[in-house]
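Engineer: Sequence:
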Amino acid sequence: MPDPGRSNERTLRGEMWRRYEGDDWDAFDALPCAVRRRLNEHSYDAWAVNVLMLWRHYKRQYGRTPRAERALIRYLDYCERLERQAFAERHAERFGYPLAHDAARASVLRLSS
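Just so you know, we're using our numbering here: the sequence shown kicks off at 283 and counts up by one.
Check before you lean on any hint, since a few could be wrong.
Each pair of labels, with its calculated beta carbon distance range [what the hints assert, rightly or not]:
#1 T347 / E323: 17 to 25 angstroms
#2 D305 / A370: 26 to 34 angstroms
#3 L381 / G345: 38 to 46 angstroms
Bear in mind the hints are in silico, worked out from the structure with no lab data behind them. Beta carbons are placed, not taken as given, at the ideal position from N, Cα and C, and that holds for glycine.
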């Protein structure tokens, strides 16, 4: 795991998830194109080593298929929603008002549909 003193991570992710050690660039390169594209659109750094571990799990379950890719992307979307919800709740507790983009019901911007 990166040195917390050198990280720019300012979210609750460290409280929510365990980050596995490894080379993020190698892990990212080992992922299918559709998953890499989705990681580029993730609201936060999606921790490529963790995603590669999940990809290996989905490949065992479904094989190296588009179905496995879609299942992993759905799971990443779910995790992103949990992270955004936790951050928004912490923000509201701390400051007494919701995040502006949540109050406006804005969606996460994506490059593709």
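Engineer: All hints are to be evaluated individually against the structure, with a verdict given for each.
Structural biologist: Against the structure, the hints:
no. : hint                            : verdict
1   : T347 / E323: 17 to 25 angstroms : 22 angstroms, holds
2   : D305 / A370: 26 to 34 angstroms : 32 angstroms, holds
3   : L381 / G345: 38 to 46 angstroms : 40 angstroms, holds
Every hint from the earlier list agrees with this structure, and none is contradicted.
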